[in-house]
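Keeping their order, the protein sequence lines are chains A and B. Note that the numbering used here numbers the first sequence so that position 161 is 161, with each residue one more than the last. Note that the numbering used here numbers the second sequence so that position 85 is 1085, with each residue one more than the last.
It is worth saying that the hints were derived from the structure and are not from the lab. Treat the hints with care, as some may be off.
Here are a few chain B residues that sit away from chain A, every Cβ distance over 12 Å (derived from the structure) [to be verified]: (1) Ile-1078; (2) Leu-1100; (3) Lys-1102.
Footprint (simulated), chain B over chain A, 3 or more residues, beta carbon under 8 Å [what the hints assert, rightly or not]: (4) 14-28; (5) 32-40; (6) 48-62; (7) 97-111; (8) 118-125; (9) 138-149.
DSBU-like mimics (lysine-lysine), calculated; alpha carbons at most 30 Å apart, straight line [unchecked claim]: (10) Lys-1096/B / Lys-160/A; (11) Lys-1097/B / Lys-162/A; (12) Lys-116/A / Lys-1096/B; (13) Lys-116/A / Lys-1097/B; (14) Lys-160/A / Lys-1097/B; (15) Lys-162/A / Lys-1102/B.
We treat Cβ as the ideally placed atom computed from N, Cα and C, and that holds for glycine.
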Amino acid sequence: MGLQIAFWLLSAIIVGSALGVVWQINLFRAAILLIVCFLATAGIFVILSADFIAAAQVIINVGAVAILIILSIMLTREVTRGSPSNRMGLPAFILVGVFAVCVIFGVITTTWSVSKVPPTEPTTAALANLLLDGSGFVFVIQLSAIMLISIIIGAIVLLKEKE
Amino acid sequence: MAPGLEHYLILSAVLFSIGLFGTVVKRSAVLILICIEIMLAAVNIALVAFSRFITPVELTGQLFAIFVIVVAAAEVAIGLAIILALYRQRHTIDTKKIDLLKW
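Using the sequences and the accompanying hints, generate a full structural model.
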């Protein structure tokens, strides 16, 4: 029962704040609504018993990504100009509506083989074992390290003042 | 009854559609990035829901969600760097006025 209430409440917050991001003209308020959306998503992860992902979501997306976006909104002075839509509003709405209906139809008509086993809890140690015990994910960690360092260098090069 | 897999997948689909709509329709480059972030959050919800309901013990879906978060953070960093560089050069981030590659 508590799970049900939490799910519906968090879903309402997520969908409402995402709609607010699209609807909102003021860019700064859109960024604040993005933070609300991320926090509610972390709540969804908690009720899906994915505690580590929830913590990572709060630390990385709410703590770093949203702050970066707010900072860049302030640096580009777009708050005053707002975020107008282009002419594609109606066709895009129809296309996205058809897409959503198709996906939801597919989800409802598929019979998922849902497992009855209780989930692993807490997940942090299990995730670390899975990442590092040679089940093929070590290479991906190395790759993401290379990607992160190249992203940092790329951002510095892009934003370096030209003499 | 507790919410099942379909509930989470429908929530994910709705959130993804909202993000897609914003990405296509909005003109501010920062807002397009925000909407891409919303789409990635929707994908994460779907991945974690599959991990919880289909393979509750193996956690592979949660691992994929971690990698999605890593790539999303990197994408935001480089995207905002590009936007700031564009703003320095052209003094706008309106995607209608950024038409260097348009013919």
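Now the hints, each set against the structure:
1. Ile-1078: violated, 5 Å
2. Leu-1100: holds, 15 Å
3. Lys-1102: holds, 14 Å
4. 14-28: With 7 residues in contact (Cβ-Cβ under 8 Å with chain B), the coverage given for the region 14-28 of chain A holds.
5. 32-40: holds (count 3)
6. 48-62: holds (count 9)
7. 97-111: holds (count 7)
8. 118-125: With 4 residues closer than 8 Å to chain B, the region 118-125 of chain A meets the three-residue bar; holds.
9. 138-149: With 4 residues in contact (Cβ-Cβ under 8 Å with chain B), the coverage given for the region 138-149 of chain A holds.
10. Lys-1096/B / Lys-160/A: holds, 26 Å
11. Lys-1097/B / Lys-162/A: Judged against 30 Å, a Cα distance of about 23 Å means the pair holds.
12. Lys-116/A / Lys-1096/B: violated, 51 Å
13. Lys-116/A / Lys-1097/B: Cα-Cα ~54 Å, so violated.
14. Lys-160/A / Lys-1097/B: Roughly 23 Å separates the two Cα atoms, so the pair holds.
15. Lys-162/A / Lys-1102/B: Answer holds: Lys-162/A to Lys-1102/B is near 26 Å, not above 30 Å.
Checked against the numbered hints above, the structure violates hints 1, 12, 13; every other hint is satisfied.
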